[in-house]
Amino acid sequence: MNTANISIKDFVHTLEKPSKKWYFWVAVLSIISLFGIYALIRQMIEGQIITGMRDNAVWGIYTANFVFFMGLSYAGALISCTSQLLRIKWTKPLMRMAELLTVSSLIVGAPFILFCLGRLDRIHYLLFYGRIQSPITWDVIAISTDLVFCIAFLYFTHIRDFAKLRDYPNLNTANWRKKMYKILALGYKGTADQKKYLHQAHDIMAAIIIPTAIIAYSLLSLLFSMSLRPGWHSTIFSPYFVVTAGYSGVALLIVVMWIYRKTQKLEDHITNLHFNYLGFALILLTFIYAYFCFSEYLTDWYNQTETLHLLLSKFSDFSQFGWLSLFHIVFAFIVPVIVLGFPWLRSINSVTLVSLFIVLALWVKRYLIVVPTLETPFIPIQDIRPEYVNYSASWVEWALSVSGIAVIILIFTVASKIAPIIPVSEVSDAHNLEKPKLLFKTKGE
Amino acid sequence: MKKKEDKGNRRKFLKNTFTLGAAALATGSGAALAHKNESGGNGKTEKVKVLTTEGKVVEIDRHIDDCKIDPCAPPIGNAARQGIPGRSFVMVIDLARCKNARKCIEGCQKGHNLKPDQEWLKVYLMKDNPEGEPYWFPRQCFHCDNPPCVKVCPVGATFKRQDNIVLVDENRCIGCKFCVVACPYSVRIFNWDEPPESDIPHEEYSPEVSVPAQIGTVSKCDFCADRSREGKLPYCATSCPMGALYFGDRNEDAVSNGTDTLRFSQLIKERVGYRYREELGTKPNVYYLPPVERMFDYESGLDKLPEANQKVYDEIRFGKNGKNK
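In the order they appear, the protein sequences are chains A and B. FYI, in the numbering used here the residues of the first sequence are 1152 to 1596. FYI, in the numbering used here the residues of the second sequence are 98 to 422.
Do not take every clue at face value.
Stated by the list, open to error - Partial selection, computed: residues in chain B whose CB lies under 7 Å from chain A: (1) 257; (2) 272; (3) 286; (4) 292; (5) 402; (6) 407.
Rather than coming from a laboratory, the hints here were simulated on the basis of the structure. Predicted model, so just to flag it, every value in this text is computed and none were measured. Glycine residues also receive a C-beta, built at the ideal position from the N, C-alpha and C atoms.
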């Protein structure tokens, strides 16, 4: 890793005049996103009858997506903030990717809970008539706080790069972009005071975001565990959700790293080392996640109440959720352990592929948390309408889900046109990082 | 000014509460001999004749403070959140009498302008253990004293009133469906579609009437709060041909199915009344009388159903793999 010699010069070409290919890519993503908006408008006009949700399974993949995207955001926040606080050098090139992942998945994830609302036109009632006793209100407060903090942190880590771009001679971009850099750099000149204050701001935001993200994600789990439903009403849910979030987020970060490494030729900056270290984190998280999953299902399974028995039997029934459970078990536990466990199977590509499947498996897991429990109420469903007994998502829900992914990619595409995806200033400073803050000092220091 | 008036009424109500008989209830139950004493006018000494649980006809004060206008108009907006003072509505369902005639569902749907596939009241076939005989189990909202649905509502669209009734204000509901998820009894339904045109006269939406329903909101059994205000029995109780559903007031210690008016406490004691899933701690206000000494074979409830509908109950009747067939 060539930290000292990194310069904004190496990245200017990624920021200057976008190519036709870039515009095409943005157009494709925009069309997918707009189709999602079309689906949402149809849903608002015609009502939720056009979704696959019905009484019993009143929540579906919207809620699964909500939990999933919020989870992705969590790992980014945790990685960038802890490495900021602990002055970890090797994560520096990844920090912007991690933060962008946090902000983009928060921006996309949060609206998914709103798509569940039957009356989006009354959304302001959440403020007018908000009841603090409701877990939804907790979520609204926690997620909006988290979002504000994460955007602030993302911006703070951009300021020095904006200043560099402002001062870059002959930057081949439109004038409005130069003006934008000037405004966004906030007059940062790199004086000792400015450096100190900016650094303090980083530290403070990082220290705030870590607990905020944990709280936000724990509260998310309470949407489920606060209900008396078998399969949800569990004390383990909050830490379980936090771990699942970290697991899926680290996995996706590896995928994002791989994509940028290929498309922007960043082999010098995103090295073997990063895939190695994050691979370690991944295998550790696999075991922690497996531990939580095992604890949860073992307790449920050992002494099954009648409803729990019905619920658990659906996971092994291949006409119900059998295939999905199998997919989850194979790609969240077995494949990662095998691929990461045997030295001759490890490589940048294999770790990335495993990560991609982990992300998918953890989406499936969220689906398996939301839907089967809703289909297994205390009084077993006796209904002749098949759609009321078994949930299956409609095109509207799929369209919105796919457009959610498109929006995340779009945010990444645009953001990496505005500033280099590698935080140049951070990385070039990495060799003379400030000493970590100490809780206490001994006499010699 | 208004507040003072309210306080005055409240005091009056406190005085009157203790003089209550089965009055307001019995007047509406159809079987009662009650009629208004015209000479009362709008004075406070209005009398009604009622049939007591012992079978005697007595004349007692009509409870006047629960409604100011006659016919009592259901309150609009926040006024509907208070409930009828001094009342504590309960329901008792005699499982020995239910044969899945489904008239209660029809009555409820007609009264609340529901679509044929929207059931505030469902009749389940239950079987408590493999050896037990299945029985029909009508289940509507239990109007819990510790309602999980009310706790989770983010906007206070669903609320618990002092007369035990849990209502939904569809003008307030944002349709998040958290209450549907939170209810352990699957009581709540969602208006997925545009509700049908209503031929029920209504001036302004009241949560007590629940008509007209609104798309994208949650609805559920309202214990026919508007009818209770007028002293009438809920639609389900009046439509049940078996008289399986008793509705009444715990404060008056009386429940009626339209033909019989019984003492609530005595009924629960003698017939060993129970509440469904007591262990959940929701404290329901609907009591069940166990299906002992049944008047009908449970299979008679299947006869009128189309074959496709009968299949729904196969798992209960014959076990999961048809073992008991």
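Here is what the structure says about each hint:
At about 12 Å, the closest approach between the beta carbon of residue 257 of chain B and any beta carbon in chain A exceeds 7 Å, and the interface hint on this residue is violated. With its C-beta approaching chain A no nearer than about 2 Å, residue 272 of chain B sits inside the 7 Å limit, and its interface hint holds. For residue 286 of chain B, the suggested interface contact is upheld, since its CB lies about 5 Å from the closest CB of chain A, less than 7 Å. A hinted interface residue such as residue 292 of chain B counts as satisfied when its beta carbon comes closer than 7 Å to some beta carbon of chain A; here the least separation is about 10 Å, so the hint is violated.
Using the Cβ-Cβ criterion of 7 Å, the hint placing residue 402 of chain B at the interface with chain A is not satisfied: the shortest such distance is roughly 9 Å. Nearest Cβ of chain A to the Cβ of residue 407 of chain B: about 10 Å, over the 7 Å cut. The hint is violated.
Checked against the numbered hints given earlier, the structure breaks hints 1, 4, 5 and 6 and satisfies all the rest.
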